[in-house]
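Chain B: place on chain A using the hints.
Residue numbers (my numbering), protein chains in the order written: chain A, 1 to 123; chain B, 1 to 281.
To be clear, the hints were calculated from the coordinates, so they are not data collected in a lab.
Among these hints, one or two may not hold up.
Stated by the list, open to error - In the DSSO-like style, the derived pairs of lysine-lysine whose C-alpha atoms are separated by at most 27 Å in a straight line are:
id	chain 1	residue 1	chain 2	residue 2
1	B	Lys281	A	Lys47
2	A	Lys47	B	Lys252
3	B	Lys23	A	Lys104
4	B	Lys23	B	Lys171
5	A	Lys48	B	Lys228
6	B	Lys240	A	Lys104
7	B	Lys252	B	Lys167
8	B	Lys23	A	Lys92
9	B	Lys281	A	Lys48
10	A	Lys48	B	Lys171
11	A	Lys47	A	Lys92
12	B	Lys249	A	Lys48
13	B	Lys281	A	Lys106
14	B	Lys249	A	Lys104
15	B	Lys249	A	Lys92
16	A	Lys92	B	Lys24
17	B	Lys252	B	Lys139
18	B	Lys171	B	Lys35
19	B	Lys24	A	Lys47
20	A	Lys38	A	Lys106
21	B	Lys167	A	Lys104
22	A	Lys106	A	Lys74
23	A	Lys104	A	Lys82
24	B	Lys139	A	Lys104
Fair warning: this is a prediction, and the values are worked out from it, not measured in the lab.
Listed here are the chains, written in short residue letters.
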Amino acid sequence: MRNTARHATIALSLAALFSAASLMPQVASAAGANMAAKGKEIAWNRKKGNCLACHVMAGGNLPGDIGPPLVAMKARFPDRKKLFDQIYDATKNNPSTRMPPFGKHKILSNADIEAIIDYLYTL
Amino acid sequence: MKPMKTAIAALCALAATGAFADKKATDTTPEEDLKTYRDYFFKRFPGVPLQEYANGVYAIDKTSRDSWEAIEEFPPYEPMVEEGETMWNTPFANGKTYGSCFNDDPAQRKNYPYWDDQRKMVVTLPLAINECREKNGEKPLKYAKGPITRLLAYMAYESRGQKINVKIPNKDALAAYNNGKSIYWARRGQLNFSCGSCHVQSAGQHIRADILSPALGQATGWPVYRSKWGELGTFHRRFKGCMKQMRAKPYKPQSEEFRNLEYFLTYMSNGIEYNGPSSRK
Numbered sequence: 001m002r003n004t005a006r007h008a009t010i011a012l013s014l015a016a017l018f019s020a021a022s023l024m025p026q027v028a029s030a031a032g033a034n035m036a037a038k039g040k041e042i043a044w045n046r047k048k049g050n051c052l053a054c055h056v057m058a059g060g061n062l063p064g065d066i067g068p069p070l071v072a073m074k075a076r077f078p079d080r081k082k083l084f085d086q087i088y089d090a091t092k093n094n095p096s097t098r099m100p101p102f103g104k105h106k107i108l109s110n111a112d113i114e115a116i117i118d119y120l121y122t123l
Numbered sequence: 001m002k003p004m005k006t007a008i009a010a011l012c013a014l015a016a017t018g019a020f021a022d023k024k025a026t027d028t029t030p031e032e033d034l035k036t037y038r039d040y041f042f043k044r045f046p047g048v049p050l051q052e053y054a055n056g057v058y059a060i061d062k063t064s065r066d067s068w069e070a071i072e073e074f075p076p077y078e079p080m081v082e083e084g085e086t087m088w089n090t091p092f093a094n095g096k097t098y099g100s101c102f103n104d105d106p107a108q109r110k111n112y113p114y115w116d117d118q119r120k121m122v123v124t125l126p127l128a129i130n131e132c133r134e135k136n137g138e139k140p141l142k143y144a145k146g147p148i149t150r151l152l153a154y155m156a157y158e159s160r161g162q163k164i165n166v167k168i169p170n171k172d173a174l175a176a177y178n179n180g181k182s183i184y185w186a187r188r189g190q191l192n193f194s195c196g197s198c199h200v201q202s203a204g205q206h207i208r209a210d211i212l213s214p215a216l217g218q219a220t221g222w223p224v225y226r227s228k229w230g231e232l233g234t235f236h237r238r239f240k241g242c243m244k245q246m247r248a249k250p251y252k253p254q255s256e257e258f259r260n261l262e263y264f265l266t267y268m269s270n271g272i273e274y275n276g277p278s279s280r281k
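So that you can see chain A by itself, here it is in the shape it has in the complex:
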């Protein structure tokens, strides 16, 4: 039940993003918005990023609070590589971190991480 509801929500938000992308000329590229939408899906999927287990992300239902809220990402992380490194292997920055090393442990591919970063930059 809950799963179905969540998928419906994701589908809806995807639809919203797609239509926004096609309607709004100020969006630099539809492909970029596409990536962000895909990144959001990966980030929210419990079998993949499951970032909501630990982080507040705008619009996410019942988020955890083990990590800091992911807000104002563009202002706080202008360097894309820094974000990539944090997601690829958070233990590099903080050896006793609780954040899983998504890239290093092959939970996410590099392409998945890039898509998530596109999504994070919308937050």
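Frame of chain A, contents of chain B only:
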């Protein structure tokens, strides 16, 4: 301003967890561990008295505590305690009963787990139950769920109020404790968590909608009726479930690894009263 704050936060996190996570198991004695853990949790949850930790997450979360207290008014495990009492009283095929292995007293909780120096192993109560059965020509019971949880529920119920008092009598026992401790702190699985990542470092925090219970007191309430299971399960069933959550290959209930883990985790709860069986979400 911001980097400074982050740096301080990171330092605090390290200072708080370095005491356990970054040490080798043999670096500190059990007595030192007991003190470090207690100080850590007492600081993290000011005003929560030691005995309260027996109630798991409900010791630290008012919201879920209210509905839990309502459930405990009509405990879902009550009929299972009665089934366990029937098992206790029903003779084996050879005419003997469980009482013949346990001094005719079901209130055995306080005696387990213990270090058996002859066999050089940690003996837990479920293990002793199956050894009793086999000694009397009966088949052993499954360790995670089913009939054994009924008998454990009855024995736990009869033992309510006994204080945990796990002893580590010698070097070999200490090695088993240290093994349990390193299993507790080893990062494993695809998600790279240790038990301590969640139940020490993140105790009281939310993982999605779930609040994480502190390691302190986790040994007291078994067997547990979990609404998610819809029935009773053993301590080791929960270990197994958490290891699966870590996307790690779980050890088997009553394996040496899980018995040593139980030895370590129960020692951490020394001085807290047994209050099983109990109910959880």
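Tested hints:
1. B:Lys281 x A:Lys47: This hinted pair holds, its Cα atoms lying about 22 Å apart.
2. A:Lys47 x B:Lys252: With a Cα-Cα distance of about 24 Å, the restraint between A:Lys47 and B:Lys252 holds, given a limit of 27 Å.
3. B:Lys23 x A:Lys104: holds (24 Å)
4. B:Lys23 x B:Lys171: holds (20 Å)
5. A:Lys48 x B:Lys228: Judged against 27 Å, a Cα distance of about 23 Å means the pair holds.
6. B:Lys240 x A:Lys104: holds (25 Å)
7. B:Lys252 x B:Lys167: Distance ~24 Å between B:Lys252 and B:Lys167 Cα, so the pair holds.
8. B:Lys23 x A:Lys92: holds (18 Å)
9. B:Lys281 x A:Lys48: Status holds; Cα separation ~25 Å.
10. A:Lys48 x B:Lys171: violated (44 Å)
11. A:Lys47 x A:Lys92: holds (23 Å)
12. B:Lys249 x A:Lys48: Holds. B:Lys249 to A:Lys48 sits at ~19 Å (cutoff 27 Å).
13. B:Lys281 x A:Lys106: Answer violated: B:Lys281 to A:Lys106 is near 32 Å, above 27 Å.
14. B:Lys249 x A:Lys104: holds (19 Å)
15. B:Lys249 x A:Lys92: holds (25 Å)
16. A:Lys92 x B:Lys24: holds (20 Å)
17. B:Lys252 x B:Lys139: With Cα atoms ~18 Å apart, B:Lys252 and B:Lys139 stay inside 27 Å; holds.
18. B:Lys171 x B:Lys35: holds (20 Å)
19. B:Lys24 x A:Lys47: violated (32 Å)
20. A:Lys38 x A:Lys106: This hinted pair holds, its Cα atoms lying about 18 Å apart.
21. B:Lys167 x A:Lys104: violated (41 Å)
22. A:Lys106 x A:Lys74: Distance ~26 Å between A:Lys106 and A:Lys74 Cα, so the pair holds.
23. A:Lys104 x A:Lys82: OK: A:Lys104 and A:Lys82 at ~15 Å, within 27 Å.
24. B:Lys139 x A:Lys104: Violated - the C-alpha atoms of A:Lys104 and B:Lys139 are around 46 Å apart, more than 27 Å.
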